[in-house]
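Here's the letter readout for the chains.
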Amino acid sequence: MSHRALISAGSLFALPALAGLLIFVAIPFLLAIGLSFTNLRLGSPLPLEFVGLTQFVRLFADDAFTRALWNNLLFTSVVVPVQTLLALGLALLLNQPLKGRALFRTLFFMPVVFPLALVSVVWILIYAPGPDGMLNSFLQLITLGHWQPRDFLHDPWLALPAIMLTSIWQGAGFQMVILLAGLQGIPEELYEAARIDGAGRWQRFWFITLPQLRNTLIFVMLVTTILAFRLFEQVQIMTRGGPRHATTTIMYEAVQAAFSRQQVAKGAAITVIFFLVVLLVTLLQRRVARQERL
Amino acid sequence: MLSMSPSGPGGVDRPAPASASDGHGLGYVVYPAMRIFLVSLAFAFLAACDRTERPQPEAGAVQLSVWSHAGQAGERRTIERQLQVFNQQQDRIQISLTFIPERSYNAQVQAAAIAGALPDLLEFDVPYLYNYAWQGHLRPLETLLPGTLQEDLLPSIIKQGTYQGHLYGVGTFDSGLAIYARRSLLQKVHARIPVHPKQAWSVQEFEQLLDRLAAEDDDGAVLDLKLNNPDEWFSYAFSPVLQSAGGDLIDRSNYQRASGVLNGAASVRAMQHVQRWLTTGKVDPNLDDAAFVTGRVALSWAGHWEYRRYHAAFGDDLILVPLPDFGTGSRTGQGSWVWGISRHSDVPDKAAEVIAYLLQPEQILAITEANGAVPATHTAIGQSPLYQPGGPLHLFVVQLTEGYAVPRPRTPAYPVISASFRQAFADIRNGMPVQQALDRAAAAIDEDIRNNHGYPPIEAR
Amino acid sequence: MTWHRLLTVGMSYAALLLLAVLFVSPILLMVVGSLKPEARVLVEAGSLKAFLPGEWDLRNYRDVFARVAFGRYLFNSLFITGMVVLAGVVVNSLAGYAFARLAWRGRKLLFALVLAILILPLEAIAVPLFYQVTLFGWRDTYLVQIVPFVANAFSIYLFYTFFLGLPRELEEAARLDGAGMLRTFLIIIVPNSKPVFATVAILNFLMQWGVFLWPLMVTSGEAVRPLPLAIATFYTLPPLQWGDIFAFGVMMVLPILLVFLFFQRWFIRGVVATGLKG
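Residue numbers (our numbering), protein chains in the order written: chain A, 1 to 294; chain B, 295 to 755; chain C, 756 to 1033.
Calculated directly from the structure, the hints in this document are not laboratory data.
It is possible that some hints are incorrect.
[Stated by the list, open to error] Part of the chain A face toward chain C, derived, beta carbon under 7 angstroms:
1) 122
2) 258
3) 268
Just so you know, even glycine gets a beta-carbon here, dropped at the ideal spot from N, CA and C.
Input sequences plus hints: build the corresponding full structure.
See below:
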């Protein structure tokens, strides 16, 4: 086979995928950057103007957007640790030779399979206000009647936590499975050696399990972090950004701007900021993971 | 990257080298999956066939695409039936109807307009007409519709559909907004029952009534403001409160400024009353949309479209009361969904035929039967048992014809006005100081008008 | 020692049971609620009765079909997801192989680009892509929901890493037999790569089944609307009936749930594969 044939075969093989990525990922991405410097509004008969950084300046003066940034940050800083801890706990529980653990694993993973849109709709009812609401009555039960029924999704303090809970419920199984695989990959000899040395349960966990799991943990947290910044479905369906921007997110603001209000340039600017945030987080993770490679 | 072990737990296995002639490896997983997939596809396809009837276009028939909003079930079914009958009665025009969810209706219209995918005939909420017309999406109708028909229309219908001197949208009905109440409950607290808008309760009287009703009620929530309704409701239902107090959403002399008007003293006062009702627990959140029909509340601030349901629940005990007077007289909303023809339709005359059909008295009465709205023509009103003088909903006609109904601002800036006021309402509901909420809304509106250079009239194309 | 062991096992089971109940209750609420007459759904949601159907019937399911074209939505989801997965597997595996095994001009640079795209989630390009497709009049079709998702950097990467790990002897043997590039790929590589094909197919199926943002922006009517968007619009369609919504939800999740239950092993592997990538 000639060298030239080898070359063209390679590019031909890769061509469809690369063309797709070019047209549907690379170009839109560049377009977003370009559009963010204009004042483009879908359908406006006024001429398009180049406005430099005005969109970005306006964004940071926009209450809704700054709140969205804050909400995403808050959401991430709660959901990532809590969900990871929960997933780790589940994985540790399931890492034992218990009977029926496959069933449990299936049960915990099932919510992951549910489309987020469906999860959001179902949880609207769970958060129903009044004593008939499922969560309200559950909380009344475990607080022995001290809980006052709340309208979670319309309460400025409880709305975002409500969405956090929904997300944790849906996502924990995903992390659990990865962590479980990571746990199962830790060589038994390490534990044996530690046991012989007299290390207790907690010490084995702290000095063997965690370090061995380190990169998996970091990865799992990265994925969840990026997913957290993408938060959209729950907000669109359950709270529409309210009450009073308490649950608005970067993506929700972007879609509101571009799709609901036809302010495409503003939406593009938000998209650019979103990308920068994701980039930053990814780079941070790579940094942290690279340190002390065991 | 963790290394891949040959048989790692859950790892992606590296298989043992197979010979070149080993061909059944992939089938192991794919074929069962494919089978299940194909079978489900087949089932789904069969199921899909039973619901959607795609009309087979007859040879020579013109295809007409139509959009309508997915509102109340009765309304939807009526439109569907009306257009089906139209299809059956003649064979020159074949209508294909699509229902668009109400919540994202405006976004869908805007996106479709840019994509050149607007239907020939589309329904839309009238306040958006000015924006659509300004953007050049609509075709003027005054030359397409018969003159006699236009003369029979209520003046409010013509006025709401006109922008820059052209008629861009015609509604088959107008809306009515009032307070639904139950005579028995009002009599129990010895309330005065106003019949004509000039007799409306003053806002103080109204608040006293709320207190008296709350005393008799389990949870103290006696008023339903339909807080669960989708977005456009808030501007429609509560801007009359501003106008009744002497304020407004925007300065209507030239539609260039909301500051000073939306956040002026009168508007602020009006919304402070509303805020008081909300924060003192007088208002039911109405998440199940059934606060009034299940008897949880005594009063429902609602539109004509609730009449059917309410009447079914309470019969003759149901009465209609004008909205309270906040200072300059009772005011109420008006304007509803209208039909328009998209500029790029190649069959505007056919589309106009459909509009004319929908404006026939029988058709108007059919839709107003279903949604309880006010018929758009004098002829139809005269024939309507609900809206004739003496009919249970005649109050709506009075409000529309005697000047108590105020149209929403007829400006391309309306979408932003609506969104800003809606946001302000949500903030007010959550306890933000009214002045602050309205200041923000006015600022947002003014900024939008500035960004659009004051929405200069574009030459009609 | 055994007493201690028993205690640990006992506590583990207790914890697992408790957590399992918490995780499963929303699902149970949905399934049981779908079988109840409308009047009881809301009222009983706050008590244990939420999980007990009592006398149950299928009228909510019938109602869903009477109110909306559920079959259509199901078909749309199956078709769109199926097409994305099938086309994606073909296109991305070819690209992954090209990067892993073939030498061609620009390979290194383009692969770096692919890696860069890896961190771009859909949301980063949804808005400009929405603008693009709207401008070109490409709305409300199956294609607009399929084509943008076929080429997938992550799938390419998964294929790439897997093909890298295949022993070179396979291809060399084929080449000695005189097989061309495509033949080698189809006859040798593919049959020996069933794990990665399964992984990619299942991951993509899972991801694509749930897309909501994109159809929200680019579809209008019911004709090509997929299930996730359909249930969200169904929820806003008057009158609000939770029994119907739950029935819709059950029917909507059944296909993917079945796929999951049957192919659990592959699902888990697929998910873990994303973890190994880190």
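message = I'd like to know which numbered hints this structure contradicts. Please list them from smallest to largest.
response = Failing hints: none at all.
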